[in-house]
Amino acid sequence: MSHHVPNPGQQEDFQQNKAIAILAYIIFFLPLLTARDSKFAMYHANQGFLVFLTCLAVNIIGTIIPLIGWFIIVPFGNLFVLVLILLGILNAANGQMKPLPLIGKFEIIK
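Taking my numbering, the leading residue of the sequence shown gets 13, the next gets one more, and so forth.
Hints in this document: simulated from the structure, not taken from any laboratory. Careful, some of the hints might be misleading.
What follows is a set of in silico ranges between Cβ atoms, one per label pair, in the way DEER data are often shown [to be verified]:
(1) P78 <-> P20: 50 to 58 Å
(2) L91 <-> L44: 35 to 43 Å
(3) L45 <-> L94: 38 to 46 Å
(4) F41 <-> P113: 17 to 25 Å
Quick reminder that beta carbons are idealized off the backbone N, C-alpha and C, glycines included.
Using the sequences plus the hints, can you model the full thing?
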């Protein structure tokens with residue numbers, strides 16, 4: 013489900029916190045430090061944290077499993093993580109609060 017920023021209050025939140033929301037996909041905890049009151053920034057902080065956990069899981073599992081992990085899990089898993097990051101950045105830049113594929117439904121940071 014795609015959630016566009018409709019009303020003026022949410023539009024203002026988007027305009028003020030767009031850069032922070034975009035950076036959340038690189039440094040997920042940045043909105044926790046700078047935009048704690050922004051629903052928009054915190055949503056993207058959660059999505060960024062989910063991407064971080066996915067990256068961590070892919071690389072730990074890929075490192076533990078010899079050969080298949082090194083040559084299949086790590087490269088394709090990290091490609092998937094890169095795609096998630098790009099989708100998240102596009103969503104944040106366009107003012108959307110849209111869950112990322114496969115992982116976006118989980119809410120850890122509220």
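Going through the hints against the structure:
| no. | hint | verdict |
| --- | --- | --- |
| 1 | P78 <-> P20: 50 to 58 Å | 56 Å, holds |
| 2 | L91 <-> L44: 35 to 43 Å | 28 Å, violated |
| 3 | L45 <-> L94: 38 to 46 Å | 25 Å, violated |
| 4 | F41 <-> P113: 17 to 25 Å | 23 Å, holds |
Consistency note: the structure conflicts with the earlier hints numbered 2, 3.
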